[in-house]
Structures are given as structure tokens and as C-alpha cells.
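In case you want the letters, here they are:
2 protein chains.
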Amino acid sequence: MKNLSNSGNSKQEQAENLAAETRADHEAGASTTFSPSDRRAFLQGAAATAAAAAATLAMPRWAQAHPGDLDAIRAEVEKRHDESVKRLQDWIRQPSIAAENRGMNEGCELTIRMLRDVGFQQATKIPTDGQPGIFATLDAGAPRTLGLYYMYDVKQADPAEWSSPPFEAALVDKPGLGKVVMGRGAVNQKGPEASFLAALHAIRGAGKKLPVNLVFVAEGEEEIGSPHFPQVVRRPEVLAALKNCMGIFMPSASQGLDGEVTMTLGAKGVIECELISSGERWGRGPRKDVHSSNKARLDSPAWHLVEALATLVSPDGNDPAIEGFAAKARPISAAEKKMIADAAKRLSETESKKLLGVEHWVHDVGWQEALELLMSRPTVNIEGLVGGYTGPGGKTILPGKAIAKLDLRLVPDMTAAEALAALKAHLAKKGFGDIEVRMTGGYDPNSTPADAALIRIETEVYRKGGVDPVILPRSAGSWPGYVFTGEPLHLAAGPFGLGHGSGAHAPDEYYVIESKNPKVQGMDGAVFSFVQLLYALAG
Amino acid sequence: MKNLSNSGNSKQEQAENLAAETRADHEAGASTTFSPSDRRAFLQGAAATAAAAAATLAMPRWAQAHPGDLDAIRAEVEKRHDESVKRLQDWIRQPSIAAENRGMNEGCELTIRMLRDVGFQQATKIPTDGQPGIFATLDAGAPRTLGLYYMYDVKQADPAEWSSPPFEAALVDKPGLGKVVMGRGAVNQKGPEASFLAALHAIRGAGKKLPVNLVFVAEGEEEIGSPHFPQVVRRPEVLAALKNCMGIFMPSASQGLDGEVTMTLGAKGVIECELISSGERWGRGPRKDVHSSNKARLDSPAWHLVEALATLVSPDGNDPAIEGFAAKARPISAAEKKMIADAAKRLSETESKKLLGVEHWVHDVGWQEALELLMSRPTVNIEGLVGGYTGPGGKTILPGKAIAKLDLRLVPDMTAAEALAALKAHLAKKGFGDIEVRMTGGYDPNSTPADAALIRIETEVYRKGGVDPVILPRSAGSWPGYVFTGEPLHLAAGPFGLGHGSGAHAPDEYYVIESKNPKVQGMDGAVFSFVQLLYALAG
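One line per chain: the protein sequences are A and B, in this order.
For the first sequence, the numbering used here assigns the number 62 to the initial residue and increments by one for each residue that follows.
For the second sequence, the numbering used here assigns the number 62 to the initial residue and increments by one for each residue that follows.
Keep in mind that the hints were calculated from the coordinates and are not lab data.
A hint or two may mislead.
To be verified - Here are the computed lysine-lysine pairs in the DSBU-like style, where the Cα-Cα straight-line distance is at most 35 Å:
1) A:LYS349 with B:LYS580
2) A:LYS349 with A:LYS485
3) A:LYS491 with B:LYS414
4) B:LYS490 with A:LYS580
5) B:LYS580 with B:LYS140
6) A:LYS490 with B:LYS269
7) A:LYS349 with B:LYS414
8) B:LYS235 with A:LYS349
9) A:LYS349 with B:LYS140
10) A:LYS415 with B:LYS491
11) B:LYS349 with A:LYS140
12) B:LYS269 with B:LYS491
13) A:LYS490 with B:LYS580
14) B:LYS406 with A:LYS349
15) A:LYS491 with B:LYS415
16) B:LYS580 with A:LYS491
17) A:LYS304 with A:LYS414
18) B:LYS414 with A:LYS485
19) A:LYS235 with B:LYS349
20) A:LYS349 with B:LYS269
21) A:LYS491 with B:LYS491
22) A:LYS398 with B:LYS349
Said to hold, decoys possible - Label pairs and their computed distance ranges (CB to CB):
23) A:PRO376 with B:ALA388: 51 to 59 Å
24) A:PRO510 with B:ASP425: 57 to 65 Å
25) A:GLU384 with B:ALA382: 20 to 28 Å
26) B:GLY385 with A:ALA482: 41 to 49 Å
Said to hold, decoys possible - Among chain B residues calculated to face chain A with C-beta under 8 Å, some are:
27) LEU232
28) VAL233
29) GLY427
30) GLN429
31) ALA431
32) ASN442
The C-beta atom is built at its ideal place from N, Cα and C for all residues, glycine as well.
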């Protein structure tokens, strides 16, 4: 079964989005047949021939592409398996949580040390108005240069919700799946990122020259909406380095439990904001909570918020009604429609509904149209409502303040700045100009052409490996790829990588280290997919 | 200055309502002139003559009404001051919080012990489907019988918000006000209730016979909306005892900082309920939180709630728009209008607005009309909104559930049952029949005629004491007086008592023990006001 849980989720949001599906998928996937033995245990056994055969079976088929170099590198990947796993565990054990301003400097410096260890000639902390970013370069003297985007921060984690402590990075056996590392950041994104570093170590360890030069940029605020990432990328020396790149990618664990991969050619933009209605700003109703009996003689900031919200969408709550909001939304093209139609045939509506826990799509549309809406429709969503008394039972107050947390998803050619301005203008026009709109994060959509060299080569590498990716016009989630795909760089950008994990933003996040599922690569297979990509890009 | 903070607030809600005003009043009242010495310290001094003179000044003037008995009783009140304060402190130190199911049995039994100690011949715990109530009788062989309504539960308290721990009942000097006992329940209602018990002790201690018989009913669930109180009052033996009463009252600290008292001839009814919109019940949208990108293809229970809420009120959020909700609302009569017009002249609009922290009444009406609305207008109020992510910043989810906490205030001749039915029918008709309406508490309005004997005598007692009460048709808050004023008892019911306190439902709740403000009675004055009332009712 294929579903959007595997949609090339380089971006944590997309991962989170679809992680719910992936997790359920895992449970639903109990009937999948698994390989009878643990590959890693097999490799470590006495029978070298048997081990080699098993490795050949378990590794992607395209591992044969450059037999000379690649055989040596594959052996090095396996030799360094424990070292690679330990590097990932050490990284997970250093939490860096921007939302809590926890371990940020330590996480930044650890990342820089790892870059230097693997051969980056320079790796520099880039200060911003928020948490620092990182800029690093590895000049291999190669003709081509590849860009890399990393995040070194992770989402918050409540240890009480985890079966294994989130910052212990324990190796855990997941029935039917194999050995996984469990911890916050395991799949989002330290696991895939560590696998890419392991690929560089293996190439060097095998005595080979890296086939492409690397330009590396990272941020520590991805989980809070990347508010300062432009301050990293827009520095002259960073722009100068990036503009030589053939494209930029983020290491990702892109495989679903069925081994399939969904690639997305961009992502929606997003605005996260709070709408704050208060007596203080309104000049009507109370400034603080007062007894609810006063409703008879006082205006209510909470009702004011409800009335304002009701103007933002159609009466069924589904279609944005903010004036001018979607004016520049580009309808999907015939080519994109075709892509979605092809995808609709390969993806299972039944499974998707089951995994989301829903019975109906919006407007009761069919599967293909639901996918079209997902890719192409700007949205106005309520993430949360909080006002007045929120505990158990009731409390007889008329609250002085109420807040709605919204996210607005944007498609090309909308921009975050224009969408925010439209929201504010709409509220003012409808008589709600006093309601404060506090943007907490967000950025523009991003888009990469299907025929970009990076995308073509990634697709070829997957196909050579026996994985025929589902290709979608864009992710319905968001990541700050606009800094690369937009002005002035116009780079192709997208995630890549074999391997599997789940639980981004959720408890028990994991990344597969040793797979018992023959359709899914473990860490060594993921590492080797990055080796393959680097050689394919060079060639 | 008079304001509604002093509106005979036997009911905690009204107290809370108006407590905000009272607290601010206290701060605003810094310019009030205070007596130069602490009366209690004076009384405890060596100069007996001076002490007697001071007591005469400080006690209400009507304390002279029955010179023989009353002088002896007044002396006994003073003699027993420390004992009375300690009884109150012991009571506060036993929290009974129905909302937390904390100390309920202990609080019930302590109350019963106090009743037996003061001469009630029988005092019985009455089991209900919730927390137990109490029924007690004191037969003094008197011709007349008075009913008493007590609550032994208190509101929750967060110690972190208090300057003195809420269950320590510390004696604290409040600048300009005097010595107060600070603790949860101090004014709502243990302070006034303990003062009434002290009145009974003083009468007995002075060797006098209680001038009226007493029938006592109490509940332990007042703070959670009195859901089981009818199970206490409607028992045959309780009804039989109550039907002999000339009326029922709740001891109250009715004085504002200016010494004035506002009496209310009833109270609005109330429904507290939660409106719960969920994908589970709706059958549309997700059953659990999913990634917000799915808004493009999924319905949203949070938007569904917002749209439903918007149908409940006029577009400005002020006037109920629930079909049939207020069909039986009785317009205020000419006599009630006159009462309010008189009150409007005596109450200060400026102070009321200042204390509520507002600049405008609803619809920008004037003062008299604002008071009319407060007394006469049914309301639909949002107490709280809670759905999805409610923490700091944002979280990209499409919530599977969202809740609005409402209270609806009812005026005669509306009933809670009919109002709830109207709300449910309205939602169903508007297409929101899936939204669960969970009533968490509430009851009918209550009303007592201005010419009821109890009210007339209370008014006379106040007037003899030099306090000319403002009389209002009803409180905009609510208390479960309908069990007494409605079928089958048709008793007069209302709060009574001198004394002052504030902070009901808020931190630093207090009740004045020794007043430095010559306009406000301390605990002994409050105790003596109850002695006076009992003698006036007997006579």
C-alpha cells in the first residue's frame, strides 16, 4: 500500500502530517511478509559468503552501478555500521529544542564538529537574531557542487509519553520492523542526516575522493517556523557558494513500510498566526476576566473573536473567504493534474482514510479530487482555540481575551507577506481591525520543476534501485525551501534518501537501523543510497 | 460610592462577579477616612468605660432595640470573639472542594458537629447522587420558624496565587481595612456562616432563649452548580420542615467598603454547558488531531464549532439568537423599572465602569438601561474556548475536537430545562445536531416578592441600623434559591448580614474580623446583625 506518509518527507511537518499515517500503517502492515532473519546479525555471523549474498540481496540493486568504487564503499559502510549508529545516538542525546531554548549552542557546536570530522574544510556558526545557523563547505576539487540543507533542532518531547526516554537514543526491537533507534529527532532529521554523514565517512574511509563538492547550510529553528533562516542563506558568502550548486537536498527517510517513495516537487507555504481578541485593544468589553453575569451589559471579546473567525471561511468552514487571500493562487497545470491522476491510481484511498481516521473528504469529493485539493488548495485552518476558562467543567467568567491559533497554507504564486496583509485588511474591512494578528512563523511556497537535473537524477537513482517513486506536484505540508527555490538562487530543492522512520513530533519517534522488512532499507541501506546519489550527480 | 459589589451577595457567583469591583473598590477607597484606632485593641485595653463607648459607636445603632436582652447578648458576642474567630479558622482549615472531591466528607461532618455544638437537636447527613447535604433542626419552642441555607463547599484555590496560604486562615492586617481572616471560603461563605453560628452561641451563652426555631439545609456542591441539591430539599421530612418557615436566608457579608448594602429580590437562573464538536460524533473531519495540511481535504470540527457558535447570538455577539430561548422571559414590570431607576441614582456608573475595567456598556446604552439589561436580559456567554493546541506559539494540527464552555442566564419565567431544550433544538435545526451539549450545572431563576415578610423585616433591620439598602429586582448572578421559591414551597428567600469581605473565587479571599473602617462592621458587628434579625423576625 502506498500513501502520502512516504511523500519524500524531508520536512518535519510533512513527516508529522503523514507520520500519523505511517504509524498506523505500521500497525496495519502486520500482514506484510518479513525476511526470516535479521540481516545485520547475519552479516556479523561466521559465513562470509552467506553474508555477502545477503548484503547483495538487501542492498539496493543500483549498488552495482560503479562496481569498482562502490563495492569498496559498501564494505566500508558495513564496517563502520557501529560507528555510524553511535554518532547518531550521540547526536540524539544532545537535545537542541529551539521552542525551549534548550541545548541550542551545544547542538550547533556538535554539528559543526561532526562536519569538520567528516572533511568539511570550513564549518562556521552563523549568528542570527534567533538561534545560530551553520555554513560549511567541502571542496573536493570536483566539477559539480551539491547543496545540503540540515536542521539541527528537534521538536519538544514529553518523556512521560515515551516507551523509551526521548534523549536516551536506545536501540529497540520493533516487532516485524527490526532494530530501531528511538528518540526525539531519530527520523526528523538526525537519522537521515547522520546517514548522509556516514556516507561521507565511508567514501573517505574506502580511500575514494568525494565525487562532488558540498555546500552545507543548517538552521536551529526549523521546528519554530524558520524565522531567521533567511539571515543565514542571504549572507553574501553563503549565497555565493550556493549559487554554484546544481541543487540542494535534505537527507530524508523517504520509504514507507511498503518500501515505496513519494517525491514532491515543492511544498506549500504557510503562515502560522494568533488572532487575539481583547477588551484591551478593542476598547469594548472587559480588559480582564469578569463575572459572566456581566454579559448582559458588556460586549464579549470571545464572541468578537468567534464572529471574526466566521468571516474567514465559507459557512461550512472549508473554503477560505479572506478577500484577496488566494488571488495569486496558481491553478494546477495539466501536467500537475496528470501527475496527481497517476498518483491517485497508485495510492489507496481506503488506506488513506483509515489512517487519517476519516469517512469523508471535504465536500464529499472523490480520491483524485481530494489529492488535487491537498496539493492545490490554499487553506485557513484552526490549530487551536484558547480563551477564558479551559479546565474541567465550567467557570462563570466573561473572559477579557480569547485567542485562535491559525495556519494558512499557501500555494504558488501566493506569498506569506501578501497573505498576511490580506488577512489583516479583511479583518479591518469586516469591523475586526482591533483583533491583533500575531504571526508566529511562516514562509512562501516553494516549487521545483519536474525536469530539474536534481529531480531527474534522484528519480533515476530510485528507479535503478527498484523503487518507482510516486511524484506529486507539491507537498501539502511546508518547509522553508523558498530560500533556495526563490529569489535570487532559483535552485532545485527536494528531499532524498532511502530508509524508514516515523513518529516525527510524536512520542516514540524512531529510525530503522537494521530492517527485518525486505522492502525497507535499514541505516546501511540509507547510507548507501546517499553514496549512490553523490556518484550519480557527479556522473 | 455604591455599586453592585454590595448587592446582598449571599451567592458566591454574585460575590465573585462583584468581588472584582469590591477589590478594586478597596484600592480606589484609599481616600476613605478610617477610625483612628483599632476597635478590638481598644476593647481589650484597660479603660472599660472608653471601651463601652467605643462599642456603642461601632455597633449598629439598632443594637438598642431590645435593650435588656440585647445588651447581654452583645457583651457575650464580644466575650466570645476569639472563640468565634477560631471556629471560623478551623473551618477554613478544612477545605471541602467538590470540584476536586477533596475533603468533602470531613467538611460535611465538621459542619454537622458545629450545628450540634450550637444546639441543633438533630443534624443529619443527607446522601445524594453526589456529595452529601445536611438537614438540621433547632426547635426553640418559638412560634415562628426561620429557614437557613448553607453551603459547606468552597471554590478551588491555587496557593501560588495567594499572599497567605489559602487553607491556613491567617489573620492579616489589611491597610485601611483592619484585621481580616484570609483563606478560601473566608467570605464565600464560611465567614458569614460562622458569624451566624456565633450569634446562636452568644444568645445561648447570655442565657437567652433563641427567639425563633431554625430549619437548616446545606449542600456541598454549590460551587459546581448544585446538581444534587434538590435531592436534599425534596425529601419529605425536609419539605415538611421547610414549609413551616416564614422564609429562608443565607448569611452573607453584604456591606461594601462604603458600608452600603444592596438587596436583590431573587436571582437569574443559569445553565452551564459545554458544546463539544468532534469528528467522532460528526462523522466528518478527523476523529483525532491530524496534521493541519489535511485541512485542504478534510472538514474541521473546530470550524464547525465556530460556525455553530455564530448562530447563537446576534452578529455583534450580544443578543441571544437561539430560537425560542427567551420566549417566556418576563419583561421587567413598572415596579421593577422604578426600583432600578432609584438604584441608578444611588449607584455610580463611573465607579462601576472603572471597577469592571470597561469604557462602554453593550450597545452603548446609558447607566439606567445598563442596569435594566443586567437584571432583565437573558444571556448567552462564552466562558471558555478550548480546542486543539493551546500552548505557546503554534502547532500544525487540524484538531479532532473543539469545545466551547457557555453559560446561559435565565430570567423568570424561563426554566433551565426549557432553555436547554431550545439550545439543542436550535443547533439541530441549523445543521449542528451532532454537536454535543453537555450541561454541567444550572437551575431555574428565583424570585421573591418585595413585600414578603422576610424582605420587609430584613429591610427594617438594616434601616434601624442606619443602612438604607439599595433594592434591586434580582441579581444578575445565580444561586439555587429556586428550590425554596419555586414549587412546592414558595418561600421568600434572600441573603442577609452586615460585615464585609471580598475575593470570592479569587486569590486572597478575606472576611473582615476587626474593622478600622467606621462604615463597615467587623465580625462582631456581623454576628450582632444576625442576633438583631432573629429578634426582629420573632417580634
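LYS490 of chain A paired with LYS580 of chain B [C-alpha distance capped at 35 Å]: violated, 52 Å
Pairwise hint evaluation, LYS349 of chain A against LYS235 of chain B, where the allowed Cα distance is 35 Å at most: holds, 24 Å
Pair hint outcome, LYS349 of chain A versus LYS414 of chain B [Cα-Cα no greater than 35 Å]: OK: LYS349 of chain A and LYS414 of chain B at ~13 Å, within 35 Å.
35 Å limit on alpha-carbon distance, applied to hinted pair LYS580 of chain B and LYS140 of chain B: Between LYS580 of chain B and LYS140 of chain B the Cα gap is close to 23 Å, so the pair holds against 35 Å.
Residue hint GLN429 of chain B, partner chain A, criterion CB-CB below 8 Å: Hint violated; GLN429 of chain B Cβ to chain A Cβ min 11 Å, cut 8 Å.
35 Å limit on alpha-carbon distance, applied to hinted pair LYS580 of chain B and LYS491 of chain A: With Cα atoms ~50 Å apart, LYS580 of chain B and LYS491 of chain A exceed 35 Å; violated.
Outcome of range test on Cβ distance (GLU384 of chain A, ALA382 of chain B; 20 to 28 Å): holds, 25 Å
Hinted pair LYS491 of chain A and LYS491 of chain B, Cα distance within 35 Å: Holds. LYS491 of chain A to LYS491 of chain B sits at ~24 Å (cutoff 35 Å).
Agreement of LYS269 of chain B and LYS491 of chain B with the hint, judged by alpha carbon distance not exceeding 35 Å: Violated: LYS269 of chain B and LYS491 of chain B sit about 65 Å apart, past 35 Å.
Restraint status (C-alpha distance of LYS349 of chain A to LYS485 of chain A at most 35 Å): holds, 25 Å
Agreement of LYS414 of chain B and LYS485 of chain A with the hint, judged by alpha carbon distance not exceeding 35 Å: Roughly 31 Å between the alpha carbons, so the hint for LYS414 of chain B and LYS485 of chain A holds.
Restraint satisfaction for LEU232 of chain B [CB to CB of chain A, less than 8 Å]: This hint is violated: LEU232 of chain B lies away from chain A, its Cβ roughly 28 Å from the closest one there, beyond 8 Å.
Violated hints, in rising order: 4, 6, 9, 11, 12, 13, 16, 17, 20, 23, 27, 28, 29 and 30; the structure is consistent with all others.
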